[in-house]
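K.L.:
Using the sequences and the accompanying hints, generate a full structural model.
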Amino acid sequence: MSNIRQSWYEASARERIAALVDPRSFAEFVGPECRETSPHLGIFDLPAQFDDGIVVGAATVDGTPVLIAAQEGRFMGGAFGEVHGAKLTGLLRAAKALGRDVVIAFDTGGVRLQEANAGEIAIAEIMRAIAEVRLDGVRVVGLIGGRAGCYGGGGLIAGCCSTLIVSEQGRISVTGPEVIETNKGVEEFDSRDRALVWRTMGGKHRTLIGGADMFVDDDAAAFRIAATAALARPAKLDAATLAAEQARLERRIARFGDLGDATDIWHALGVDDPKAIPDMPADTFATLAAQYRESADDAR
Amino acid sequence: MEILHFDIAAPVPAGGTRKMALVGVVASGNLEVLVERGDAADRCAIEISTAAHGFRDLWDAVVADFVGRRAAGGLRIAINDGGARPDTVSLRLAQGVRMIEEPEA
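Here the protein sequences line up with chains A and B, keeping their order.
For the first sequence, this note's numbering assigns the number 1 to the initial residue and increments by one for each residue that follows.
For the second sequence, this note's numbering assigns the number 301 to the initial residue and increments by one for each residue that follows.
FYI, nobody ran anything at the bench for these hints, they're computed from the structure.
Just so you know, even glycine gets a beta-carbon here, dropped at the ideal spot from N, CA and C.
Residues from chain B that face chain A, not an exhaustive set, calculated with beta carbons under 8 Å:
hint, residue
1, M301
2, M320
3, V325
4, E332
5, L334
6, T350
7, N380
8, D381
P.N.:
Here you go:
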């Protein structure tokens, strides 16, 4: 085994799965040889991909049997189409039938515009499938640190997970920077201001406000260790959990809703020097976050 | 979408026992290559799906070069092309043949 650090951000979907699971434990479902490609892209003269941009299957992580999915952010921005979505829905339904935990490596801009209706339905089906499997006590662990981030319907699905693991590079939101700027103007959000984008939607901010639960370095091994820990956490979803999370979110909007920038929120959380956070190394930040962050109630 | 088929003589049979190998991704300037075992050990069948129309001659040259230089006999190769340059295509084909020769990871 190589000691060279593998960047999660740079890795492909298949490389991420290989980095997460125990060697030779992965069995793919509906693999590329099945050629279950998008029935829509050809209409637009766009090339298909044999796995439709998502790899799903069964594996073990540190000996624990899991079902696992990874989106390929470089194909169509990792966006959800009909087949792509159906593969994840099917995996989650299998998880319910088997009572087996699920790991999802997100890397998505949201719904694929060329098959938007099918993609939107897929998002709804996936969210329902996650709720149903979580009510059975199954964990759904989301990993976010890819180049496409986790946007649109992907952001909604991530919000349904039991635990989210994020790196600094991982961005989580529903509406993306360019869409906000297009609709609300550059004064509202300058999508070309990369520092603004990352401190508003990036992993550090999401960790501090309780939108993500575990912060890791951009290192595939760190994601694997965090996923193993997340799979050992208690799995509980009931009405009380949801009510507590709703109350937390109401408190959060009351507390931070009028603040204009993420650094103002970090200051309000008690961080003395919020401007130092973006340049902070992962381990230093993780220590700081443990002290000051809001914790989600595992319902998000 | 333009679909191109090549079925050409490949003197050197591919090694290894893997059933399938997949390399690359369908992104701008990139492509995915799915390599599987075919029927005849001395033939290589390649199917290309590309949105860049009118480059049959170029594909022909790249494929002939590939089969001449690599152990491609007995392989069935399917390509989804995202507008890759010929050097990228050659690289992915070489990676695909190399991967199917390797033991299962």
